[in-house]
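Protein chains: 2
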Amino acid sequence: LAAQVTTAYTLCWACVRNFKLILAYDGAGFAGWQVQPGKPTIQGELANAIEELTGEKVLPQGSGRTDAGVHGLGQVASVALQTVIPLENLWRALNHRLPATIRIVGAEEVPADFHARYCAQQKTYRYRIYRGDICSPFLANFVYHHPYPLDEACMLRATEAIVGEHDFTSFAAVDPEARDNPQPRSNVRTIYQSALRREGEELIYEVTGNGFLHHMVRNIVGMLLWIGKNSLPPEEMARVLAARDRSVAAATAPAQGLYLVSVQY
Amino acid sequence: LAAQVTTAYTLCWACVRNFKLILAYDGAGFAGWQVQPGKPTIQGELANAIEELTGEKVLPQGSGRTDAGVHGLGQVASVALQTVIPLENLWRALNHRLPATIRIVGAEEVPADFHARYCAQQKTYRYRIYRGDICSPFLANFVYHHPYPLDEACMLRATEAIVGEHDFTSFAAVDPEARDNPQPRSNVRTIYQSALRREGEELIYEVTGNGFLHHMVRNIVGMLLWIGKNSLPPEEMARVLAARDRSVAAATAPAQGLYLVSVQY
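Protein chains in written order, with the numbering used here: chain A, 446 to 710; chain B, 446 to 710.
Isolated chain A (complex conformation) (with noise of 0.2 Å):
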């Protein structure tokens, strides 16, 4: 009889507490967010650290996925757990188990309803490029070199063409996972800010969104760096925008100069 109280009680749902983690990560050991058999991921590993921990069997749910080699400033997961734990404690000891290349650096406990990819209402991505000759290897998981020629006057003024709602299908991967949050079949979404700036050796792009497809950001960074090389006018980037077809837009930019920076909820 105490055994089955006792289980009764760990399992009642009122013992259930909420939580809202703030993650930042080096993306270049892993393979991503996503959980993946056999590989490193983020999920994966915080996965890991909470059974480690607290013995649940739990699947962290993130803002959205972020790619191979992608980094976290500011990426946001909630979880539900019925650990008695302090928050603090558990923020503490969850570090303390986790890969020291993924830092929890922000901790609450929140409602019930909270869930980090259905409640998140904008998210800021930042693309770092390194324009220097000889780029440090210190920098090299987390900038992209490109030392070649660009115009940057026309990069500039073609970030504006993305800003307001726009169907960014030309931007979207062509696969069956596009979407990182849950709009099932549209590709429209809404840009708030669109900037780049000089800042030193590099040249750095942020955007912000109500919501980003599969590869949008290095997407439309693949298509600013097309305009540069070639001195593009901005109406080139509206074009492409409006074919809505991904195979007239420009390559892929890669991954490790991606960054989550925050998302609002």
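Hints are computed from structural coordinates only; laboratory data are not their basis.
By construction, the Cβ of each residue, glycine as well, lies at the ideal position given by its N, Cα and C atoms.
Where hints are given, some of them may not hold.
[Stated by the list, open to error] A partial selection of chain A residues facing chain B, derived with a Cβ cut-off under 10 Å:
#1 Leu468
#2 Ala473
#3 Leu518
#4 Ile549
#5 Cys564
#6 Pro582
#7 Ala585
#8 Val693
#9 Thr697
#10 Ala700
#11 Gln701
Given chain A, work out where chain B should sit, using these hints.
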């Protein structure tokens, strides 16, 4: 006959050019400097790049080995080649073929008697200890994270005890390949500078000497950490040094905090 002449020309001793290459590398993805079958190493990658470019099978000689995970800022290698490629083109083409986490940051043609290891006069190493509570995942492979209490004043005073000529047996790895410079059977080395400083959240140790035994810098840092943890006086460092016994000294500090900064000739 033409083929024979060409062969003779290719192998003509007078055509051999000796190169000094200065290398920077992120050691995280490599099994150290020294070539090993089936494992990525700095020396192996450099040899591969040279062979791909010139067709010449050579083994570039480093100023000394660095262990797996140890980084290079100014490692020096020498290599004799028969290629007629101009220096600047050779440098650029090798960087193009090397992994992006290894860069040749300096290159020059040197007299035939230059050897990166035998001619080295001084070396400088740096060790980075991160003292903050949560270490950025982007620093994880580049510092040793030690957020626990340390008496930094005691550590600072202990750094002076190793300056000068000493037998460093207490700080030498107990293995048959213990030496990174060609003074067989002697563990005597001269340290010119040994300094500890704070830079924000980092505690940085820098040491310059005429040569270093295998693991010597990491063992000195291990000893400094031991002194810091227990608030021991600098005499502890001198006592352990005088014992000439590895077993009385502290554990080896982790590889990822260590950098080979420069080699003087």
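Tested hints:
1. Leu468: Because about 9 Å separates Leu468 of chain A from the closest Cβ in chain B, which is inside the 10 Å limit, the hint holds.
2. Ala473: holds, 8 Å
3. Leu518: Since the shortest Cβ distance to chain B is 9 Å, the answer is holds.
4. Ile549: holds, 8 Å
5. Cys564: At about 25 Å, which exceeds the 10 Å cut-off, the nearest Cβ of chain B leaves the hint on Cys564 of chain A violated.
6. Pro582: Where the cut-off is 10 Å and the nearest Cβ of chain B is about 5 Å from Pro582 of chain A, the hint holds.
7. Ala585: This interface hint holds because 4 Å falls under the 10 Å limit.
8. Val693: violated, 30 Å
9. Thr697: Because about 18 Å separates Thr697 of chain A from the closest Cβ in chain B, which is outside the 10 Å limit, the hint is violated.
10. Ala700: violated, 13 Å
11. Gln701: holds, 9 Å
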